[in-house]
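Colleague: Hey, can you piece these two chains together into the complex? The hints should help.
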Amino acid sequence: MYSEKVMDHFRNPRNVGEIPDADGVGTVGNPVCGDMMSIYIKVKDDRIVDIKFKTFGCGAAIATSSMITELAKGKTLDEALKVTRADVAKELGGLPPVKMHCSNLAADALHEAIKDYRKRRGEG
Amino acid sequence: MDYGAASPVDPRVLEEMMPYFSDSFGNPASLHSYAFEAQRAMERARGQVASLIGAEPGEIVFTSCATESNNLALIGAALRYRSRGSGVVVSNIEHISILNICKELSKQGFEIRYVPVDRDGIIRLDRLEALVDDETVLVSIMAANGEIGTVQPIREAAEVAHEHGALFHTDATAAAGKVPLDVGEVGVDLMTLSSNDLYGPKGVGALYVRKGLRVKPLMIGGGQENGMRSGSENIPGIVGMGKAAEFAKKEMKSEAERLTRLRDRLIKGITEEIPASYLNGHPKRRLPNNANIRFSYIEGEALILSLDELGIQVSSGSACAAKTLEPSHVLLAIGLKHEEAHGSLVFTLGKGNREEHVEYVIRQMPGVVRRLRSMSPLTPEELR
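From first to last, the protein sequence lines are chains W and B.
Read left to right, the first sequence gives residues 41 to 164 (my numbering).
Read left to right, the second sequence gives residues -8 to 375 (my numbering).
Just chain B, same shape as in the assembly (with noise of 0.2 Å):
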């Protein structure tokens, strides 16, 4: 229930894919046949990533992955728009690849201001509109967060943006295919998507440009992608994530119903089995897929070490789980304290997930607990 860290490639894909790899092998920069073999391939994936967010095929630029997405849209859209202004504000439970290129642009020049969540982890409207003003050249707000969850007010905060003359960007990482999403109706001008969070293969992501924008290339090169991001294309990886987007908007509403039903019922069995432990996020305006629940007096990576042995695979929010030995800046940016976010684990379900495996984990998970608290310090008399 890790399908958030990775997501198998849906065999669907994989077989779309395979022509792609020796037989189709050509560039579409060149001019015979098996470039317009490849090239139309790309326009198909173009055409299939676009219906997905109700974006033309003209808007989609393919990238390497969410991280780049996320770098050409903050970047780009910043160092091209410089004149607009120098502010860029973004939520302070962003992916890490946003913080971190924030602190980039910060040293570029940039004045970053970050917007707090509330203790579901949904942005503070209100303080959004006290931090954008007419100096900002750049909102980011993400669709959802992959972690606690969270699905944000995207449609209000690009309101905001734009009532200041800024651009709107969303990193829909974790909410495509799980949430319907539409550039038209929330007034996105650059959104990031990747492909293995739809079940298409690593390597690829796009970036969704509104028509009539540009961002800066990082990549320079033959001008490949209207420009904006040269490089010969990874064509199978291309058609891989345009079939994934097919199938997850063709799929999202039935596998939604699904997963919510699946996910409610775990956040329920655990929490009414377990005392001590609670939902981290909103209730209700989260994503489909997503649980996230703390347990007090035990540590997460504990808890994932314990689960993999019974065959259960999680995630966590503790430093102990961490390369950086910090606790998950989300779970500190909802009001959680430092041995809080410790005890928190992140179930993040999909498409090999059945019923039975949300039972087994109901069933496994006070042992697990319990074992655990009766060798901590902190479990207090009367839950040894």
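The following block holds chain W by itself, in its conformation from the complex (with noise of 0.2 Å):
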């Protein structure tokens, strides 16, 4: 039912974890619906210095999570926010269309927490 790629996400996740004194956090979904991410990044620079990700949820919401880490880091935050939820799905090799919707969050939590990095900053 899943790619390889998004089982070698799940099985060995990129970046698990949070940042204490992160400098933005995004959190979306909920425990209600069965999938809940939180996205923590380091900005310097204007660019993602370091990104990690906590998620409560099936195969599918941590493979995109583990990959949004891996597509953001190193990125401008401009650069960033274009990253879409297709462009996670497509570098995993696909998604079963019933988890395109429900489990593939990662990019709006992702840009979530480049907006709270702004707000902060207030630049929100």
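Everything labelled a hint here was simulated from the structure, so no lab data went into it.
Some clues are possibly wrong.
[To be verified] Between beta-carbon pairs, the in silico distance windows are:
{"#": "1", "chain 1": "W", "residue 1": "Gly134", "chain 2": "B", "residue 2": "Pro274", "range": "39 to 45 Å"}
{"#": "2", "chain 1": "B", "residue 1": "Pro274", "chain 2": "W", "residue 2": "Lys113", "range": "38 to 44 Å"}
{"#": "3", "chain 1": "B", "residue 1": "Asp255", "chain 2": "W", "residue 2": "Ala126", "range": "45 to 51 Å"}
Glycine included, every Cβ here is placed at the ideal spot set by N, Cα and C.
Modeller: See the structure below:
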């Protein structure tokens, strides 16, 4: 049901954890629906220098979280804001149709984290 | 440990079926020796299935699966006896086939009432008594729930139905062959049985229809199965179901004792070893092969995938593991919150499971749970 790439990210998720002194945090979803994720970013010179995630959810939710951290790391904030849900799914070799909506929240969480960062700096 | 989803055909059953594919391939409706052979085999199977539940052979109608039996029982009886009333009462933890049939009956003008269950998953008899009245034509309560394992007080439920002149159906798909069932003792009018759940082939089921009752057929044709289910009979399948029922009856007691020991070890091993893990369903009044356990702060599909990697196959009541994206209606009915239902796993033990398999699961579970909890934003500090 899942691509080998999804299973790889599920088995060996990249950048799991929290950043205690994060510059921005984005949390989307909720446990009632079965998927909830938080993305933590560290920003330097308008670039994402560190990123970590924590996710409650299914295999797809964990894999998309892991993938977004790989996609966003090193990008400028404007570049990172252009990463979409579709990009995440594509990089993972596709997701089952039923998972496209409910579990593919990682891009939203990243965007929320960037918004949070800008808000904290008074740019929001 | 997912025997509730599908079971292998017992090799002894398969052997019994084999001649009926190509050698004794007759149609029982014909009038030659091939036909007589098929007919004899079919009637032997009818007797074997009847014997499992204390019925007479003439009370068994073969169908294509338990879902068809449920359709024939509910739609067939409701329509046939509609003049007696238009009320149908079922529990809110019935199999999805029963619940969807009820939606259909509701469209056809029947009033459906749902009996709730308590936190252990046992139907509330007091509520049943309040819901059944003289307008009720049919009451359907499952003999046991395949997901949380609870064995229902169907004898008492049947009494309530009969006091008001209603018919009583029980879906015994999960219970048959696991716990003793006697239609006479329970006072059942209609009972659904599945072949695969007895280690028989898929594609066969049966409906017990008490002598003197009729259900309106859903399949119209040549009048097979006493006019209640037309269509040329699936002889190899029926022979297989018969043999499976014979073994189920013979081996039920010893197998139930063996599985109960394994089940209790599994429940104890997991819930004692893993913090914030709990048994769903009644601790004692449950099927010998069922353990349903929920783990806080993590989600069931991720658990299934992790366990599958370790060679352990289970099911979950999580929305993420379901096509509908809704958590199990059974878990919600016992009062679990959505997030609790998402973290539930169903273990259904079967013939192939041994003590070493249970011990392996008990050894592997803590690591799997710990890994997923370490990733979850919901996990409290002390469990990280």
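Colleague: Quick check: does the Cβ-Cβ distance between B:Asp255 and W:Ala126 fall within 45 to 51 Å?
Modeller: 49 Å, holds
Colleague: Taking the beta carbons of W:Gly134 and B:Pro274, is their distance inside 39 to 45 Å?
Modeller: Since W:Gly134 and B:Pro274 have Cβ atoms about 43 Å apart, the given range 39 to 45 Å holds.
Colleague: Between B:Pro274 and W:Lys113, is the Cβ distance one that fits in 38 to 44 Å?
Modeller: The hinted range 38 to 44 Å is violated for B:Pro274 and W:Lys113, with Cβ atoms some 49 Å apart.
Checked against the numbered hints above, the structure violates only hint 2.
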